[in-house]
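Chemist: Protein chains in written order, with UniProt numbering: chain A, 1 to 525; chain B, 1 to 525.
Because the hints were derived from the structure by calculation, they are not lab data.
All values reported here derive from a predicted model rather than from experimental measurement.
Treat each hint with caution, since some may be false.
Since the list can't tell identical chains apart, any single copy or any two copies may satisfy a pair.
[Said to hold, decoys possible] Taking lysine-lysine and the BS3-like style, the derived pairs with C-alpha atoms no more than 25 Å apart in a straight line are:
{"id": "1", "residue 1": "K52", "residue 2": "K364"}
{"id": "2", "residue 1": "K2", "residue 2": "K152"}
{"id": "3", "residue 1": "K222", "residue 2": "K155"}
{"id": "4", "residue 1": "K254", "residue 2": "K155"}
{"id": "5", "residue 1": "K254", "residue 2": "K152"}
{"id": "6", "residue 1": "K152", "residue 2": "K201"}
{"id": "7", "residue 1": "K192", "residue 2": "K222"}
{"id": "8", "residue 1": "K192", "residue 2": "K254"}
{"id": "9", "residue 1": "K201", "residue 2": "K69"}
{"id": "10", "residue 1": "K36", "residue 2": "K254"}
{"id": "11", "residue 1": "K2", "residue 2": "K222"}
{"id": "12", "residue 1": "K364", "residue 2": "K341"}
{"id": "13", "residue 1": "K192", "residue 2": "K2"}
{"id": "14", "residue 1": "K152", "residue 2": "K222"}
{"id": "15", "residue 1": "K254", "residue 2": "K222"}
{"id": "16", "residue 1": "K270", "residue 2": "K364"}
Number of protein chains: 2
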Amino acid sequence: MKKIEIFDSTLRDGAQNESVSYSVEDKLNIVRYLDKLGIDYIEAGNPFSNPKDHAFFSRVKELDLKYAKLVAFGSTRRRDSRVQDDKNCLALMEADIDCISIFGKASCWQVKEVLGTTPQENLRMIFDTVSFFTKAGKRVFFDAEHFFDGYKDNKEYALSALRAAQEAGAYKLILCDTNGGAFPDDIGEITKEIVQIFPGKVGIHCHNDMGCAVAGSVMAVKAGADHVQGTYIGTGERCGNTNLSTIIGDLQLKLGYTCIPQEKIVRLTKTARFVSEVSNVRLAHAMPYVGKSAFAHKGGMHVDGVQKNNAAFEHVAPEIVGNQRHILLSEVSGRAAMLTKISEVDSTITKDSPEANQLIQRLKELEYEGYQFEAATASFELVVLKELGKFSPFFDVELFRIIGEQDTAGKHNMASAMVKLRVGQRWEMTADEGDGPVHALDKALRKGLEIFYPSLSNVKLIDYKVRVMDTGKATAALVRVLIESTDGENVWTTVGVSTDIINASSRALIDSMEYKLYKDQTMKK
Amino acid sequence: MKKIEIFDSTLRDGAQNESVSYSVEDKLNIVRYLDKLGIDYIEAGNPFSNPKDHAFFSRVKELDLKYAKLVAFGSTRRRDSRVQDDKNCLALMEADIDCISIFGKASCWQVKEVLGTTPQENLRMIFDTVSFFTKAGKRVFFDAEHFFDGYKDNKEYALSALRAAQEAGAYKLILCDTNGGAFPDDIGEITKEIVQIFPGKVGIHCHNDMGCAVAGSVMAVKAGADHVQGTYIGTGERCGNTNLSTIIGDLQLKLGYTCIPQEKIVRLTKTARFVSEVSNVRLAHAMPYVGKSAFAHKGGMHVDGVQKNNAAFEHVAPEIVGNQRHILLSEVSGRAAMLTKISEVDSTITKDSPEANQLIQRLKELEYEGYQFEAATASFELVVLKELGKFSPFFDVELFRIIGEQDTAGKHNMASAMVKLRVGQRWEMTADEGDGPVHALDKALRKGLEIFYPSLSNVKLIDYKVRVMDTGKATAALVRVLIESTDGENVWTTVGVSTDIINASSRALIDSMEYKLYKDQTMKK
Numbered sequence: 001m002k003k004i005e006i007f008d009s010t011l012r013d014g015a016q017n018e019s020v021s022y023s024v025e026d027k028l029n030i031v032r033y034l035d036k037l038g039i040d041y042i043e044a045g046n047p048f049s050n051p052k053d054h055a056f057f058s059r060v061k062e063l064d065l066k067y068a069k070l071v072a073f074g075s076t077r078r079r080d081s082r083v084q085d086d087k088n089c090l091a092l093m094e095a096d097i098d099c100i101s102i103f104g105k106a107s108c109w110q111v112k113e114v115l116g117t118t119p120q121e122n123l124r125m126i127f128d129t130v131s132f133f134t135k136a137g138k139r140v141f142f143d144a145e146h147f148f149d150g151y152k153d154n155k156e157y158a159l160s161a162l163r164a165a166q167e168a169g170a171y172k173l174i175l176c177d178t179n180g181g182a183f184p185d186d187i188g189e190i191t192k193e194i195v196q197i198f199p200g201k202v203g204i205h206c207h208n209d210m211g212c213a214v215a216g217s218v219m220a221v222k223a224g225a226d227h228v229q230g231t232y233i234g235t236g237e238r239c240g241n242t243n244l245s246t247i248i249g250d251l252q253l254k255l256g257y258t259c260i261p262q263e264k265i266v267r268l269t270k271t272a273r274f275v276s277e278v279s280n281v282r283l284a285h286a287m288p289y290v291g292k293s294a295f296a297h298k299g300g301m302h303v304d305g306v307q308k309n310n311a312a313f314e315h316v317a318p319e320i321v322g323n324q325r326h327i328l329l330s331e332v333s334g335r336a337a338m339l340t341k342i343s344e345v346d347s348t349i350t351k352d353s354p355e356a357n358q359l360i361q362r363l364k365e366l367e368y369e370g371y372q373f374e375a376a377t378a379s380f381e382l383v384v385l386k387e388l389g390k391f392s393p394f395f396d397v398e399l400f401r402i403i404g405e406q407d408t409a410g411k412h413n414m415a416s417a418m419v420k421l422r423v424g425q426r427w428e429m430t431a432d433e434g435d436g437p438v439h440a441l442d443k444a445l446r447k448g449l450e451i452f453y454p455s456l457s458n459v460k461l462i463d464y465k466v467r468v469m470d471t472g473k474a475t476a477a478l479v480r481v482l483i484e485s486t487d488g489e490n491v492w493t494t495v496g497v498s499t500d501i502i503n504a505s506s507r508a509l510i511d512s513m514e515y516k517l518y519k520d521q522t523m524k525k
Numbered sequence: 001m002k003k004i005e006i007f008d009s010t011l012r013d014g015a016q017n018e019s020v021s022y023s024v025e026d027k028l029n030i031v032r033y034l035d036k037l038g039i040d041y042i043e044a045g046n047p048f049s050n051p052k053d054h055a056f057f058s059r060v061k062e063l064d065l066k067y068a069k070l071v072a073f074g075s076t077r078r079r080d081s082r083v084q085d086d087k088n089c090l091a092l093m094e095a096d097i098d099c100i101s102i103f104g105k106a107s108c109w110q111v112k113e114v115l116g117t118t119p120q121e122n123l124r125m126i127f128d129t130v131s132f133f134t135k136a137g138k139r140v141f142f143d144a145e146h147f148f149d150g151y152k153d154n155k156e157y158a159l160s161a162l163r164a165a166q167e168a169g170a171y172k173l174i175l176c177d178t179n180g181g182a183f184p185d186d187i188g189e190i191t192k193e194i195v196q197i198f199p200g201k202v203g204i205h206c207h208n209d210m211g212c213a214v215a216g217s218v219m220a221v222k223a224g225a226d227h228v229q230g231t232y233i234g235t236g237e238r239c240g241n242t243n244l245s246t247i248i249g250d251l252q253l254k255l256g257y258t259c260i261p262q263e264k265i266v267r268l269t270k271t272a273r274f275v276s277e278v279s280n281v282r283l284a285h286a287m288p289y290v291g292k293s294a295f296a297h298k299g300g301m302h303v304d305g306v307q308k309n310n311a312a313f314e315h316v317a318p319e320i321v322g323n324q325r326h327i328l329l330s331e332v333s334g335r336a337a338m339l340t341k342i343s344e345v346d347s348t349i350t351k352d353s354p355e356a357n358q359l360i361q362r363l364k365e366l367e368y369e370g371y372q373f374e375a376a377t378a379s380f381e382l383v384v385l386k387e388l389g390k391f392s393p394f395f396d397v398e399l400f401r402i403i404g405e406q407d408t409a410g411k412h413n414m415a416s417a418m419v420k421l422r423v424g425q426r427w428e429m430t431a432d433e434g435d436g437p438v439h440a441l442d443k444a445l446r447k448g449l450e451i452f453y454p455s456l457s458n459v460k461l462i463d464y465k466v467r468v469m470d471t472g473k474a475t476a477a478l479v480r481v482l483i484e485s486t487d488g489e490n491v492w493t494t495v496g497v498s499t500d501i502i503n504a505s506s507r508a509l510i511d512s513m514e515y516k517l518y519k520d521q522t523m524k525k
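Using the sequences provided together with the hints, build the complete structure.
Modeler: Below is the structure:
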């Protein structure tokens, strides 16, 4: 069980992602979560690049981290100057951080064309900067930028960049495929050569511009690298960085390396959902190991196969990574799949139960109306519970009315909603306006419900999807609305169908609230 | 420039994706687009699995495909029966399709555990089924399910499954990593062995459960496979299939293979956006080559580097694949592409025209607001005409109001709309109700407009699509509405964007009417 160091750059390289921007609180939360997972290093930016990062680095010291070491990030000194006079290097030194990541160029072409200096001066920049920090007792990671392109172009020069860093006492030499243009087999072969020269010192940092970042990193590890850099859910500039939630699964579960403590593997999924939420980046349903659909089976044959033997269509078991198997209901899956899903909600129901036929009948009616429960398992659960008489309603929406108005050129544009609720023998009428009719309805509904159920204030809607079915009917077509909600811990999806989009949305919204209340109730029991 | 066959299964394996469901029109549209890209084979389901697929296969014959061949998909015959009596095989045979894809098991373990038959009978099932179709002159692709797992487990048996298909006359033997659990280097090595035994007959079909589908397929091609299966934007069961838009880029642009005609490479991005829109699957911004952020540069260093020399941080140039460089914070992209589109509307506009800058500015503003004119060329034309002062308005919607009401259990559910129109110096106020607010608005608007423009009564809306963007904001998110209209002769598509779905729909509706009236006017001239 060879140990592979995991180096997470969600907060640095991941923050280069289009539309990602972290507050200090966000960063602290992500550090806490990654530490709980047992990540070795967390690269979190440059303490002096902006006030926000400065505030973060002073507050992060308050955290009592168990596994992770914080890493500050900076560049080699400027050309033709002394490192002792370099403002950035001095600032990095002043920060009370033990680990420093220094990037420098390993491609001769890049040195001349982009850096605009001589190959010799670039090597001195690397040596001076790395030794500046190692002499002060810091652990230095040297990011050899454009390493693979550089190596193919001018092997000797790329090696001399690594040698400069090594002679200056660097802890690891990170081979970076900065543009994401190196294929996994090339990465594997080149890494093998480098590991022979610098044994025990080689790390890998890939980008996903050819869809091969994870594979390239796996090949590097197989070739002897013992340090993998990436971002937890693959965020990053352009096409992103190596996805750590994927590669930890690959290396630890499939190849027998140790990346994180074995008992932490079950946190892989939870951590991905947390990071995606804090980053406000949607977690791809198809993301290996941690995505919502990563273990979802839809085709009739596959569903049969999985039911006979899980290993038939799953390369690892979902529970191991804290994820779940989903049997999707669709045109191609039948009664057996429905029964499996039903028994997940109520394990007493079997194919011979008297309720089974009635339930399947009801589900088929709903499917005929356009409902699809494959994604909306929360709505499915509610249908089953209601049909079995195991759900007592928390509230009743007696009436709602929405009004949308718009004048010429959209100068006046208002959407508002009124809702009349009943909870037991109490009635509540609320109103609110929003960015559109559904938003207005959502706000008015919550305003009323939170009076009775304060826990609903934690519920946040994180995804809203509209699917127009039967599009031949154009604006009179049936629409299916899917809403994904979270209370910070769990994520659930509900569905509503109607020819009226407001109506369909209201059903999915109401289901979402009911599901949360039901789950709170059963937890208490 | 070795030719690699590209086999797209977006409509079959891709339809196994959670939440994907295609109408017949959707499928026909995707076939048309993939053919235009120069894809070799399009696998589109089983004509007899459900009425929708049946309708598709009879209508698809009307299409005049230039590059692509349609493939129908089915399984080997049932165990212990004659293929001549197998309903599914007979049905497949009756379908007037020249290419057939047959899947069968290549893993001895799977045969016993999942199929529940003997290894010998499974080989007979493969042989009988493949030869049933080859004898009838069909081109048969044999999908060797679980091939890599099977090969590692029982090499001889996996080979005998391939041999059975070959002896029965299969055109290609497809090595399937059905569970997505094989690493790229293993896939490469095993494929090499298989290619030596069956030269010129080997294809590859990978799944992305370890994030390695593209890399695995690349390794297989390097090892001699000359046929790649996948789905165009990587949709598929669980973690999805090999992403063809990525691997076409990798193989053709980076490794010098020929996948599609070279002049079609520029359509890679456009096709991805089209397929994602029709599939209602969000195209990941980070998707290699075709994603919105695939060439986005944010880090200061990278932006500098790219501006000095594009190759500094780009492994291929975005224009080649029809995408755009995106310098975040300083928009300097896309000018050339926009000019090309503008000159399609008005050929007098060139890059030196005084109007060009102003027009591009306006289009960029609209794109920033969330407009996308990829599919909505009618709206694009209107924007250009209006900006150039070449469009005199036919009408003005001064005000509209929509009201939606619903009581308990939806017994009373009404959507109504009022519209106040001005045409010249005449005003008209109309109202109508509908199946939802957009339908009501559509009806009320037409009721008023037809008084002035009777030709609008021929206009029918044939498609209505809603796309929720920026989903982190849930019900307050931006929505993009696409409306496809026809007057029986022409078909045109318009777009509207707003946080308010009614508002977005009204814009697309109004554009549709304006476009029809403009076209009628120019025809008369």
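Chemist: Within, between, both or neither: how does the pair K270, K364 come out at a Cα-Cα threshold of 25 Å?
Modeler: within (18 Å within a copy, 38 Å between copies)
Chemist: Is it within, between, both or neither when you check K364 against K341 at 25 Å Cα-Cα?
Modeler: Only inside one copy: K364 and K341 sit 13 Å apart there, 48 Å across copies, limit 25 Å.
Chemist: Treating 25 Å as the Cα threshold, decide for K192 and K2: within, between, both or neither.
Modeler: This pair counts as within: shortest intra-copy Cα distance 16 Å, inter-copy 29 Å.
Chemist: Between copies, within a copy, both or neither: which fits K254 and K155 at Cα up to 25 Å?
Modeler: Result: close only across copies, 20 Å inter versus 33 Å intra.
Chemist: With identical chains treated as interchangeable, where does the CA-CA distance between K222 and K155 reach 25 Å or less: within a copy, between copies, both, or neither?
Modeler: both (22 Å within a copy, 24 Å between copies)
Chemist: Measure nothing new, just compare the shortest in-copy and cross-copy C-alpha distances for K2 and K152 to 25 Å and report within, between, both or neither.
Modeler: between (29 Å within a copy, 24 Å between copies)
Chemist: Using 25 Å as the alpha-carbon threshold, which applies to K192 and K254: within, between, both, or neither?
Modeler: For K192 and K254, the Cα distance is within 25 Å both inside one copy (21 Å) and across copies (22 Å).
Chemist: Is it within, between, both, or neither for K201 and K69, if the alpha carbons may be no more than 25 Å apart?
Modeler: within (18 Å within a copy, 52 Å between copies)
Chemist: If the cut is 25 Å between Cα atoms, do K2 and K222 qualify within a copy, between copies, both or neither?
Modeler: The answer is within: 11 Å in one copy meets 25 Å, while 30 Å across copies does not.
Chemist: Which holds for K152 with K201 at a C-alpha limit of 25 Å: within a copy, between copies, both or neither?
Modeler: within (21 Å within a copy, 33 Å between copies)
Chemist: From the Cα coordinates, with 25 Å as the cut-off, is the pair K52 and K364 best called within, between, both, or neither?
Modeler: This pair counts as between: shortest inter-copy Cα distance 18 Å, intra-copy 40 Å.
Chemist: Could you place K254 and K152 in one of the four classes (within, between, both, neither) given a Cα distance threshold of 25 Å?
Modeler: between (31 Å within a copy, 14 Å between copies)
The structure fails none of the hints (numbered hints given earlier).
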